[in-house]
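A.B. asks: Since the structure of chain A is already known, use the hints to place chain B on it.
Number of protein chains: 2
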Amino acid sequence: MNVPNHFELLATDGAARTGRLTTPHGAVRTPAFLPVGTAGAMKGMHWRAVRDAGADIVLGNTYHLMLRPGAERIADLGGLQAFTGWRGPMLTDSGGFQVMSLSELRKVSERAVIFRSHIDGAKVELSPERSIEVQRLLGSDIAMQMDECVRLPAEPADIERAMQLSLRWAERSKRAFENAASGTMLFGIVQGGDVPDLRHLSARGLVEIGFHGYAIGGLAVGEPQAVMLAMIEETAPLLPRDRPRYLMGVGRPIDLLEAISRGVDLFDCVMPTRHARNAHLFTRFGVLNIRNAIHQKDTNPIEPGCGCYTCRHFSRSYLRHLDKCNEILGAHLNTVHNLYFYQRLMAEIRDAIDAGYFEAYAKEFYAFKDGGPA
Amino acid sequence: MNVPNHFELLATDGAARTGRLTTPHGAVRTPAFLPVGTAGAMKGMHWRAVRDAGADIVLGNTYHLMLRPGAERIADLGGLQAFTGWRGPMLTDSGGFQVMSLSELRKVSERAVIFRSHIDGAKVELSPERSIEVQRLLGSDIAMQMDECVRLPAEPADIERAMQLSLRWAERSKRAFENAASGTMLFGIVQGGDVPDLRHLSARGLVEIGFHGYAIGGLAVGEPQAVMLAMIEETAPLLPRDRPRYLMGVGRPIDLLEAISRGVDLFDCVMPTRHARNAHLFTRFGVLNIRNAIHQKDTNPIEPGCGCYTCRHFSRSYLRHLDKCNEILGAHLNTVHNLYFYQRLMAEIRDAIDAGYFEAYAKEFYAFKDGGPA
Numbered sequence: 001m002n003v004p005n006h007f008e009l010l011a012t013d014g015a016a017r018t019g020r021l022t023t024p025h026g027a028v029r030t031p032a033f034l035p036v037g038t039a040g041a042m043k044g045m046h047w048r049a050v051r052d053a054g055a056d057i058v059l060g061n062t063y064h065l066m067l068r069p070g071a072e073r074i075a076d077l078g079g080l081q082a083f084t085g086w087r088g089p090m091l092t093d094s095g096g097f098q099v100m101s102l103s104e105l106r107k108v109s110e111r112a113v114i115f116r117s118h119i120d121g122a123k124v125e126l127s128p129e130r131s132i133e134v135q136r137l138l139g140s141d142i143a144m145q146m147d148e149c150v151r152l153p154a155e156p157a158d159i160e161r162a163m164q165l166s167l168r169w170a171e172r173s174k175r176a177f178e179n180a181a182s183g184t185m186l187f188g189i190v191q192g193g194d195v196p197d198l199r200h201l202s203a204r205g206l207v208e209i210g211f212h213g214y215a216i217g218g219l220a221v222g223e224p225q226a227v228m229l230a231m232i233e234e235t236a237p238l239l240p241r242d243r244p245r246y247l248m249g250v251g252r253p254i255d256l257l258e259a260i261s262r263g264v265d266l267f268d269c270v271m272p273t274r275h276a277r278n279a280h281l282f283t284r285f286g287v288l289n290i291r292n293a294i295h296q297k298d299t300n301p302i303e304p305g306c307g308c309y310t311c312r313h314f315s316r317s318y319l320r321h322l323d324k325c326n327e328i329l330g331a332h333l334n335t336v337h338n339l340y341f342y343q344r345l346m347a348e349i350r351d352a353i354d355a356g357y358f359e360a361y362a363k364e365f366y367a368f369k370d371g372g373p374a
Numbered sequence: 001m002n003v004p005n006h007f008e009l010l011a012t013d014g015a016a017r018t019g020r021l022t023t024p025h026g027a028v029r030t031p032a033f034l035p036v037g038t039a040g041a042m043k044g045m046h047w048r049a050v051r052d053a054g055a056d057i058v059l060g061n062t063y064h065l066m067l068r069p070g071a072e073r074i075a076d077l078g079g080l081q082a083f084t085g086w087r088g089p090m091l092t093d094s095g096g097f098q099v100m101s102l103s104e105l106r107k108v109s110e111r112a113v114i115f116r117s118h119i120d121g122a123k124v125e126l127s128p129e130r131s132i133e134v135q136r137l138l139g140s141d142i143a144m145q146m147d148e149c150v151r152l153p154a155e156p157a158d159i160e161r162a163m164q165l166s167l168r169w170a171e172r173s174k175r176a177f178e179n180a181a182s183g184t185m186l187f188g189i190v191q192g193g194d195v196p197d198l199r200h201l202s203a204r205g206l207v208e209i210g211f212h213g214y215a216i217g218g219l220a221v222g223e224p225q226a227v228m229l230a231m232i233e234e235t236a237p238l239l240p241r242d243r244p245r246y247l248m249g250v251g252r253p254i255d256l257l258e259a260i261s262r263g264v265d266l267f268d269c270v271m272p273t274r275h276a277r278n279a280h281l282f283t284r285f286g287v288l289n290i291r292n293a294i295h296q297k298d299t300n301p302i303e304p305g306c307g308c309y310t311c312r313h314f315s316r317s318y319l320r321h322l323d324k325c326n327e328i329l330g331a332h333l334n335t336v337h338n339l340y341f342y343q344r345l346m347a348e349i350r351d352a353i354d355a356g357y358f359e360a361y362a363k364e365f366y367a368f369k370d371g372g373p374a
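Which chain is which? The protein sequence lines are A and B, in order. Going left to right, the first sequence walks through residues 1 to 374 as my numbering numbers them. Going left to right, the second sequence walks through residues 1 to 374 as my numbering numbers them.
Do not rely on the hints blindly, as some may be mistaken.
Note: identical chains are not told apart, hence a pair may lie in one copy or across any two.
Subject to a maximum C-alpha distance of 30 Å in a straight line, what follows is the list of computed DSS-like cross-link-like pairs (lysine-lysine) [as the list claims (entries may be wrong)]:
| # | residue 1 | residue 2 |
| --- | --- | --- |
| 1 | Lys-324 | Lys-297 |
| 2 | Lys-174 | Lys-107 |
| 3 | Lys-363 | Lys-297 |
The set of hints was computed from the structure by calculation and includes no laboratory data.
Only chain A is shown next, with the shape it has when bound in the complex:
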């Protein structure tokens, strides 16, 4: 377990924690929410605006980038930061999850996944070693091991098979990571579906191998929130206290609150950006659908008191108009707000943990209409 630590735990409040993760492209304040820049771009956004919203770090999708424009191409162009113009830290996933959800004709073997690109049908092989290589070529600050994620509900036998395969892939990922030039971090991913024993086995196995940080994967894939939270409770205590914990692909604001209260530090999700393009806007008072006719004459901002650029300059009536007209500006302004909402939430939570009133903050959050934004 001779793995250097780039994470500093700063404060705790119950199981909730704040910390600082140091990467070659800057520091990340945790708990942190990573907006998802799928294909080397944050959909509907300007990188400037991502930074302005308060994001320290973003996620890039290995699957998309390896297919287009290609990992070697990006490496030739100086890596993701130079290529995209996002100068901050970047985490890349392993590509495995998108292979499962987007590609066709995939075949999983011990050695690798073989699949056809959803873009041009080309046959591609992705192994744990190639995934690490691709993430290095991209110049990722935090690389993820390749794993197999099983959609829930699933048979325990299937969950176990995928979990054990992921564990073997974790070892191969670490070896590949160590054999290449250093510089980034590598996170292992706990699998095990909704089976506590499998979660324990997976977590212990990964800690044995040793990683810079640990993700909890295979959640938010169809199970109820209660199951997700129970699995976090089964997993988080088994992970090293001094390493960052990352809940992948989550989620709604209430999911973030609940997971943070169980000791999670990092999150990513397309929800704020995708919802924005579909006119679903997050506010302290619940979700607002800007497409609704009720906003036609409304000169209020999306969320009174919100400090985002959109709320400081534009009315609901105008945003509704832009949405009705399919104007790009509407997608952009909505995304500015939703990303700001998420980042403000994280900042408020960090403050609450640092000052020891996280529980009270969470209670107040829930007191709002509909149990808070969902």
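C.D. replies: Using the frame of chain A, we list chain B on its own:
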């Protein structure tokens, strides 16, 4: 002809002129190019970025805005500037041109045009009086008379009929404009197709009625550039020297140069924004198609030396990638460049006129590849 003048002629160089047009929302440096914000938004752009590109004034389309969200709605919300967040001067067209090009089942009579909305099929009547009313409701700084524009080539008899109708509508527009509360400017529109005598009749008739400014309409509707320039030569000298002249719906950079050399002060066109969304980028060295495979590995900006945000921060390889992935950011960054290109061109032309080297500037412009950007 008791019409107040808001235009100040500052310098001339041959027939080319610089000036200043003062509106309630600020001054406009001429020659000026108006980016087109069709439906209360600049496609692919942020208003901030429109201003940053150097635009003093933009155009809003009456036809689109009267159908959605509606002129009365916008008036209730405080007018176009308050509604959209564009705080500078705004010129609105009369709506007539889009009725002709976009709507269905239109019927032109002496009194008005009756048409069906291209959005929901609703039957709408647009008269010269209603057009003025709508433009006042929008809070336009410069309103245009309603006219009938004939696509070329056309029979002289048809051109004359439309020109005479436009002249009668010009009178009604002016009366309607004067009967309402004041504050904005009203421009008449010279019609007459490609028939010099009809252009003369139209121009003299409008000057007789008296307007704050004069547009040359019915050009860039299918005729060769030589015909367009000839018609400008027939028209411009008949218009009052101390009033602004506006060539509607034009055009390519070389069209702007040629028209300015013939005494035109104002232009509008969707070309920079629409071309940007179609990956056609203007440069000093000609048009660059960013979709082209040649740009795959090119780390240069669109136009070396260009000061726009896109050229200062992003490579051709990244912009090509964004275009291939249909990322909104690509449409945005391309539009930032094209609008900047047009505004920089206007600024350079104004400097050249002020300092008396406009002809030399134009010659140098043409010296570049392909006869300059087209």
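A.B. asks: Under the constraints set out in the numbered hints, which ones does this structure not fulfil?
C.D. replies: 3
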